[in-house]
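*Asks:* Since the structure of chain A is already known, use the hints to place chain B on it.
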Amino acid sequence: ILNVEQSPQSLHVQEGDSTNFTCSFPSSNFYALHWYRWETAKSPEALFVMTLNGDEKKKGRISATLNTKEGYSYLYIKGSQPEDSATYLCASHRGGAQKLVFGQGTRLTINP
Amino acid sequence: DGGITQSPKYLFRKEGQNVTLSCEQNLNHDAMYWYRQDPGQGLRLIYYSQIVNDFQKGDIAEGYSVSREKKESFPLTVTSAQKNPTAFYLCASGWGEQFFGPGTRLTVL
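Residue numbers (this note's numbering), protein chains in the order written: chain A, 1 to 112; chain B, 1 to 109.
Don't take each hint at face value.
[Claimed, not checked] One side only, chain A facing chain B, incomplete, derived with CB under 8 Å:
no., residue
1, 12
2, 47
3, 49
4, 102
5, 104
[As the list claims (entries may be wrong)] Label pairs and their computed distance ranges (CB to CB):
no., chain 1, residue 1, chain 2, residue 2, range
6, A, 16, B, 60, 38 to 48 Å
7, B, 102, A, 112, 24 to 34 Å
8, B, 16, A, 49, 41 to 51 Å
9, B, 70, A, 16, 47 to 57 Å
10, B, 12, A, 69, 42 to 52 Å
No wet-lab data here; the hints were simulated from the structure.
Glycine included, each C-beta is placed from N, C-alpha and C at the ideal position.
Just chain A, with the same shape it has in the complex (with noise of 0.2 Å):
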């Protein structure tokens, strides 16, 4: 089975700070890796969809990058809010387009 690690499994940011986390995963056969936010009671959301090596992808104050090769990707937030507080995670592909293979979440709690 493909595995998928996240770390670490938590973390406390103070409001304002910078924070980042890590997902790993098997280099080879790589088809994609997937970041999703995940806040309480409501469903995992879609934040980033990365494939290609060397890839960085930004979303206001959230950006992705990926390392195909070395088999990580980084998760960063920059000047974390309240509303930033939610568990991210990811997940990689596992034979084909079909099938996502989740890591076990960062669950990212920013104190005001």
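*Replies:* Leaving out everything else, chain B in the frame of chain A:
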């Protein structure tokens, strides 16, 4: 308003009973999925369906069954054979990028 709906939000079941979780989508997606989440673990794939009248087992299919008679609907039955059914269940649809429903929390009493 396009999306995925799951019902009910909370479900309680007595041991030995089967229970069916509903998942409906109006996104016109062929592919649909069922995941289970347990504390401290990632989402684990139970079953998926790539097209109507076809479905495949995921990583933890034992004790579960599904059907896909309509494109819009992919119900999951948790049978009495599932040894530890208390969990949060998420339904998703889409090819590549997946779109998720709000989930059903199942508790076995």
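*Asks:* Each hint needs a verdict: does it hold in this structure or not?
*Replies:* Results for each hint:
Annotation: residue 12 of chain A was flagged as interfacial toward chain B, and the flag is violated, the nearest CB pair being 17 Å apart, outside 8 Å. Violation of the interface hint for residue 47 of chain A is found here, the shortest Cβ-Cβ separation to chain B being roughly 11 Å, above the 8 Å cut-off. For the restraint placing residue 49 of chain A at the interface with chain B, the shortest Cβ-Cβ distance is roughly 5 Å, inside the 8 Å limit, so the hint holds. Interface hint at residue 102 of chain A: satisfied, since its Cβ lies 4 Å from the closest Cβ of chain B, which is below the 8 Å cut-off.
Residue-level restraint check for residue 104 of chain A holds (minimum Cβ-Cβ distance to chain B is 4 Å; threshold 8 Å). The supplied range of 38 to 48 Å is met by residue 16 of chain A and residue 60 of chain B, whose beta-carbon atoms lie about 41 Å from each other. As the Cβ distance of residue 102 of chain B to residue 112 of chain A is approximately 27 Å, the hint placing it in 24 to 34 Å holds. Against the hinted window of 41 to 51 Å, the Cβ-Cβ separation of residue 16 of chain B and residue 49 of chain A comes to about 43 Å, which satisfies the hint.
Against the hinted window of 47 to 57 Å, the Cβ-Cβ separation of residue 70 of chain B and residue 16 of chain A comes to about 49 Å, which satisfies the hint. Take residue 12 of chain B and residue 69 of chain A: their Cβ atoms lie about 49 Å apart, and the range 42 to 52 Å holds.
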